[in-house]
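S.K.: Please assemble the complex out of the two chains, which come individually in their own frames, going by the hints.
Line by line, the protein sequences give chains A and B.
Residue numbering for the first sequence follows full-length UniProt numbering, beginning at 1 and increasing consecutively.
Residue numbering for the second sequence follows full-length UniProt numbering, beginning at 1 and increasing consecutively.
Everything labelled a hint here was simulated from the structure, so no lab data went into it.
Keep in mind the model is a prediction, meaning the values are calculated, not measured.
Glycine residues also receive a C-beta, built at the ideal position from the N, C-alpha and C atoms.
Mixed in with the good hints, there may be bad ones.
What the hints assert, rightly or not - Estimated spans, in silico, between C-beta atoms of each pair: (1) B:Q75 <-> A:H204: 45 to 55 Å; (2) B:E72 <-> A:N72: 54 to 64 Å; (3) A:H204 <-> B:G77: 55 to 65 Å.
To be verified - On the chain A side, residues computed to face chain B include the following (Cβ under 10 Å): (4) E70; (5) V73; (6) K88; (7) L90; (8) I92; (9) E93; (10) D188; (11) T191; (12) L225; (13) E283; (14) E338; (15) I342; (16) F343; (17) C412.
As the list claims (entries may be wrong) - In silico negatives: residues of chain B with every beta carbon more than 10 Å from chain A: (18) L32; (19) Q75; (20) D76.
These are the residues of each chain, in order.
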Amino acid sequence: FSGAGGGNDIQWCFSQVKGAVDDDVAEADIISTVEFNHSGELLATGDKGGRVVIFQQEQENKTQSHSRGEYNVYSTFQSHEPEFDYLKSLEIEEKINKIRWLPQKNAAQFLLSTNDKTIKLWKISERDKRPEGYNLKEEDGRYRDPTTVTTLRVPVFRPMDLMVEASPRRIFANAHTYHINSISINSDYETYLSADDLRINLWHLEITDRSFNIVDIKPANMEELTEVITAAEFHPNSCNTFVYSSSKGTIRLCDMRASALCDRHSKLFEEPEDPSNRSFFSEIISSISDVKFSHSGRYMMTRDYLSVKIWDLNMENRPVETYQVHEYLRSKLCSLYENDCIFDKFECCWNGSDRQVQFFSLCTSDLSNIVMTGSYNNFFRMFDRNTKRDITLEASRENNKPRTVLKPRKVCASGKRKKDEISVDSLDFNKKILHTAWHPKENIIAVATTNNLYIFQDKMN
Amino acid sequence: MFVRGLKRKCFDGEEDIEGTLAGIKAIPSYNLQRQSLLDMSLVKLQLCHMLVEPNLCRSVLIANTVRQIQEEMTQDGTWQMINTQSTGQASLDRLVSTDILCRSSREQAEGKHVPGFSTFNKDFEGDQAQDSSETMSTASSVQAPRNLQSNVWEMENPQENKGNFQKSLDQIFETLENKSPNSVEDLFSEVDNSYYDLDTMLTGMMSNTKMGHCDGLETFSSPTTTTSNSNCKSDLNELDHIVEILVES
Numbered sequence: 001f002s003g004a005g006g007g008n009d010i011q012w013c014f015s016q017v018k019g020a021v022d023d024d025v026a027e028a029d030i031i032s033t034v035e036f037n038h039s040g041e042l043l044a045t046g047d048k049g050g051r052v053v054i055f056q057q058e059q060e061n062k063t064q065s066h067s068r069g070e071y072n073v074y075s076t077f078q079s080h081e082p083e084f085d086y087l088k089s090l091e092i093e094e095k096i097n098k099i100r101w102l103p104q105k106n107a108a109q110f111l112l113s114t115n116d117k118t119i120k121l122w123k124i125s126e127r128d129k130r131p132e133g134y135n136l137k138e139e140d141g142r143y144r145d146p147t148t149v150t151t152l153r154v155p156v157f158r159p160m161d162l163m164v165e166a167s168p169r170r171i172f173a174n175a176h177t178y179h180i181n182s183i184s185i186n187s188d189y190e191t192y193l194s195a196d197d198l199r200i201n202l203w204h205l206e207i208t209d210r211s212f213n214i215v216d217i218k219p220a221n222m223e224e225l226t227e228v229i230t231a232a233e234f235h236p237n238s239c240n241t242f243v244y245s246s247s248k249g250t251i252r253l254c255d256m257r258a259s260a261l262c263d264r265h266s267k268l269f270e271e272p273e274d275p276s277n278r279s280f281f282s283e284i285i286s287s288i289s290d291v292k293f294s295h296s297g298r299y300m301m302t303r304d305y306l307s308v309k310i311w312d313l314n315m316e317n318r319p320v321e322t323y324q325v326h327e328y329l330r331s332k333l334c335s336l337y338e339n340d341c342i343f344d345k346f347e348c349c350w351n352g353s354d355r356q357v358q359f360f361s362l363c364t365s366d367l368s369n370i371v372m373t374g375s376y377n378n379f380f381r382m383f384d385r386n387t388k389r390d391i392t393l394e395a396s397r398e399n400n401k402p403r404t405v406l407k408p409r410k411v412c413a414s415g416k417r418k419k420d421e422i423s424v425d426s427l428d429f430n431k432k433i434l435h436t437a438w439h440p441k442e443n444i445i446a447v448a449t450t451n452n453l454y455i456f457q458d459k460m461n
Numbered sequence: 001m002f003v004r005g006l007k008r009k010c011f012d013g014e015e016d017i018e019g020t021l022a023g024i025k026a027i028p029s030y031n032l033q034r035q036s037l038l039d040m041s042l043v044k045l046q047l048c049h050m051l052v053e054p055n056l057c058r059s060v061l062i063a064n065t066v067r068q069i070q071e072e073m074t075q076d077g078t079w080q081m082i083n084t085q086s087t088g089q090a091s092l093d094r095l096v097s098t099d100i101l102c103r104s105s106r107e108q109a110e111g112k113h114v115p116g117f118s119t120f121n122k123d124f125e126g127d128q129a130q131d132s133s134e135t136m137s138t139a140s141s142v143q144a145p146r147n148l149q150s151n152v153w154e155m156e157n158p159q160e161n162k163g164n165f166q167k168s169l170d171q172i173f174e175t176l177e178n179k180s181p182n183s184v185e186d187l188f189s190e191v192d193n194s195y196y197d198l199d200t201m202l203t204g205m206m207s208n209t210k211m212g213h214c215d216g217l218e219t220f221s222s223p224t225t226t227t228s229n230s231n232c233k234s235d236l237n238e239l240d241h242i243v244e245i246l247v248e249s
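For reference, chain B alone in the conformation it holds in the complex (with noise of 0.2 Å):
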């Protein structure tokens, strides 16, 4: 495990400093860089959410790096070496493995709540101006020093929480997928059809901007919840962008 900590070559010049300390110091700064990757990835996933459909290869190769990261976090153990430093820890600081991305519009349109940010920590916390724009603008500053003890991964067992990832993992794909038709292939021609409905997709979204940007972040109360927060930036940047082409029109 050490020897493999120190070999990586991922990260950049200032952030080697701490690796050429003891070698018992490298190992945490490894995992924390590590964890800062994740995050970013993380959240540059989320921003796959915009106007124009997402850039298909970008959103590909960074969800693979995404899960690099969660088999080599799961190969070296980690995610037990991290579940025993939560214990005590405010349900607001931990960073919620579940919910990492918005669920597709189509579970929306069925009127379920949509699971917020997933990246939410201490430091999100602080910038409370809440708009996509703010968003955009914290991918940037993801890699701003972070608390190790705020980034922790929720959960009850690792097993579990592989199992929630892979599942957002996969919600990810699920949303990307749902950009873009689902219909029969047809060997000559495509037609684009979509199964979604600009009225319910509205319906879906009046219900959640009830909530606050990121009120839902105190509605964590355990580990395993996933649902109450149901607003997501990105559903209020498309409920804007609706609400455009109706006045328009």
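With the rest of the complex left out, here is chain A (with noise of 0.2 Å):
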């Protein structure tokens, strides 16, 4: 990773940072989801205003070898807005928590978005078009006096400049009580699943006025209330299939045959608790904020306050591997649960899937073999599985150059603090990376800090 060792360790060069330059950060800009299409032309960013906005990437400019296509503004708008319900007297928030794009089937590009309440299916499409020469109108619209038509003629399209509009195409409301967290579209392209803190619902694409209940975890008695739902996905293979985490750091896998409401998991996932590092915190830090499957299936990763794991879906009793993300931060519990960094929810990421970029993946039949998510300082980290190596940068507008590699950097625990380490107490914890996105098929990477969007790539030779 670091470089030096050549082979296919990729080396990773600052190309763009999106937002504002300043350091006070506008509430309603801090980004709060970022997601890439499937093809990867496309990256959206879903922030705190609910507003959406939407990178394109440029077509490769043959005589630029040396770098892949920018990312420029494609559509920006709003997704959701702030709400009152004025029977519990509580404001809905309009931040986006999250954004999936269903693949593209015709010339417009469709995504899910979703606040904590109602998620919309959104329409974009382009137009370049435009009619002109209509016999009853004029070019601004207003109608001509039909007296003046003496001769009649066919309206013919002409090129106009790029308009990209957005329209909500479908909107999911009334079917969660509590806060929606996790959105995951089926492989049959046809439906989706919406989960809250205690509920998974599943919907039609094409039908809004309702849903199917098919987790539910709420019980009778709240007070009995120990556990919640924090992550839901759908398996990227099997239609029937979803899995979903929990605060108390399981994972359970659910077969959409075996009845309609899934309360009984097919397959509990737990590592047990080792004894020698229990506290009082044990359980927080146990709490899953992310679960994704690698591409094959075969695998799945979440990712809890302090690492990250990799499960075999055919073995429940532990992990396959362990990543530590930031084992130093151990130690600071208590002061990281005073001022409720304990709290903060990391998302966790694979690589992407092209064959060419995992050529000399030991891994080939999954080609999930890196992991990627962000930590504090705005580092984030990556973990290479064959090599069991791992890196750790920093998206900082200090290594604006574009083509020059990035440097790693250290924290350190404890003891002697060697040149160009980061002493543990010296860490920002407001500068937190929780939001990473890989490119399916290339080596370019979307890092969200907190209201800056940065765009890695690796080094081409």
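M.R.: What follows is the structure in structure tokens.
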């Protein structure tokens, strides 16, 4: 990873950064989700102000063979507005919790975006031609006096400046009592699930006035509530299988063929607790903040507060691999509990699945061999499952030069701090990277700091 | 008990210094830290009464932590240990274990007095500027050095305390529950039904605001008094919010 070894180690270079430069962050600009579409040509971000910004990759310039196309703003729209629930006297935040793209079927692009309560299907379409030469209307739309029409003509399409329009095609509302944390599109591309703290619903993309409840963990007596759903995802290939994770560090795999209400799991993935590390914070740090299937669906990855775990779907009693993201925080859990950082929900993602990228990969059957996740101080981490090497990089405007390889960072846990190392106490816990995304086919990554989006790509020789 | 206390790794660097002293000293230090953690957790749960619906995951995790501490304190027999130290203390110095959270708004609407903040102790008394932002800022100052004497569980006997504690935890979830609808679940869709009525809530709160912010502390005359203080900062917060809505409409 450091680049010294050659071979197929990826050397990451800064490519672009999007967003405001000043340190004073407007609340609405806080990025809350990042997602590439299936081709990687489009990159969507959602923010706390309910807006969606979509970037489009430029067509590759043949003369500039040393870099891939840049991402530029393609479309911006207000997806969700703040609402007020008068019955409960509570505000419903407009913050976009998740965006998921649908695979492209025609010229238009479709994505699902959700806030705490409502999911919307947006159609993003291009218009680069417009009809001209109407008989009854002027160019500006005013109707012509019919008596002045002496000849007839056929209207023709003429080119115009590209206009990208976003329109809401479906609104899936009123199905969630609690806050939606996940949406996941099924491999049948017809249905999707939405998960809140206590329930998971199954929707058909065409039908908005009803959904099926497939998981319900709400206890009859709310006083007995001790566990909530934290994330859910459909299996990439089996349209009847999905998983959901919990605040107690368990993952349940469910098969929708078993029964209408999947209250009984088919598999339960849970690692026994390490008694030597037991503390009052053990449960909190075991809470899973994200779950992602590998491309083949053979493995899944979970993120808890301190680590990333890879699970083999055939083995329920423990993960096959565990990677420590920032173990040096284990001795700081009390402070992190006090300032609420211990409740931060970090996401994780796999590398892209293109075969070319995985040329030397030993896991060619799975193609998922690099894991990326965020940390504090605008650091993010990558773990290579094959080489067992890991790297820490920083998303910062100081590394602003394109094609300059990013310098690996290191945190000094204790003892003497070496040069260029950062001590744990100097870490900025307000600078957290919660959302990252990896291009589905190329080595391009999008990393979101609080209000900036960084794009890095590998150094092309 | 000693061994258990020493093995725990839940507290940060500077506090470990106390733990490395002689074994006898390590125990009160651990208890102090645990008490501190408990106080912090209770304050965090209290702050769930905000304009935006509280994060259920966070609330559940904090509540589980509180339960865990309670269970351990019960097993350790620490209830009794602390009880013996509490004799002779002024009632104001005591940590009121029973009134952990505001009761649900439904109870307010029924005209009951709402119990006050639970974590008032000598330190809180000192912060006489009483508004909700102060409350939130004291969450971070909870770790400030405390007099162990002033942080005592107030109770007649451990069993009653445990029962009251459980009751308070239940109140927490009841409150959380009341922030969400209580409707019959429909397989296809959910309708939010709430038995809140704006007028009732408003009426309930108006009667409560006659008491000062922390004037209610003075009404804690006995360990078992739970109903005298009818004021919660968060209630005032909600009241302001409702008045704001009324004014706007």
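S.K.: Confirm or reject each hint.
M.R.: Verification of the hints:
The hinted range of 45 to 55 Å is satisfied by B:Q75 and A:H204, whose Cβ atoms lie roughly 51 Å apart. Checked against the given bound of 54 to 64 Å, the beta carbons of B:E72 and A:N72, roughly 57 Å apart, stay inside it. Taking the beta carbon of each, A:H204 and B:G77 are about 58 Å apart, inside 55 to 65 Å as hinted. The criterion of a C-beta within 10 Å of any C-beta in chain B is not met by A:E70, whose closest approach is roughly 37 Å, and the hint is violated.
Taken as an interface hint, A:V73 does not check out: its beta carbon lies about 30 Å from the nearest beta carbon of chain B, beyond 10 Å. With a least beta-carbon distance of about 5 Å to chain B, the hint placing A:K88 at the interface is held under the 10 Å criterion. Satisfaction of the interface hint for A:L90 is found here, the shortest Cβ-Cβ separation to chain B being roughly 5 Å, below the 10 Å cut-off. Proximity of A:I92 to chain B holds as hinted, the smallest CB-CB distance being about 8 Å (cut-off 10 Å).
Proximity of A:E93 to chain B holds as hinted, the smallest CB-CB distance being about 6 Å (cut-off 10 Å). A distance limit of 10 Å between C-beta atoms decides the matter here; for A:D188 the minimum to chain B is near 20 Å, and the interface restraint is violated. Checking A:T191 against chain B by beta carbon gives a least distance of about 15 Å; that is not within 10 Å, so the hint is violated. With a cut of 10 Å, the hint placing A:L225 at the interface with chain B holds, because the nearest CB-to-CB distance is about 6 Å.
Look at A:E283: its Cβ gets to within about 6 Å of chain B, closer than 10 Å, so that hint holds up. Evaluation of the A:E338 hint against chain B yields a held restraint, the C-beta minimum of about 6 Å falling below 10 Å. The closest approach between the C-beta of A:I342 and any C-beta of chain B is roughly 9 Å, which is under the 10 Å cut-off, so the hint is satisfied. Interface restraint check: A:F343 against chain B, minimum CB-CB distance 5 Å, threshold 10 Å, status holds.
With its C-beta approaching chain B no nearer than about 14 Å, A:C412 sits outside the 10 Å limit, and its interface hint is violated. Every CB of chain A lies more than 10 Å from the CB of B:L32, the least distance being 13 Å, so the non-interface label holds. Annotated as non-interface, B:Q75 keeps its C-beta farther than 10 Å from every C-beta of chain A; the closest such distance is 14 Å. Chain A leaves B:D76 outside its interface by the beta-carbon criterion, the shortest separation being 13 Å against a cut-off of 10 Å.
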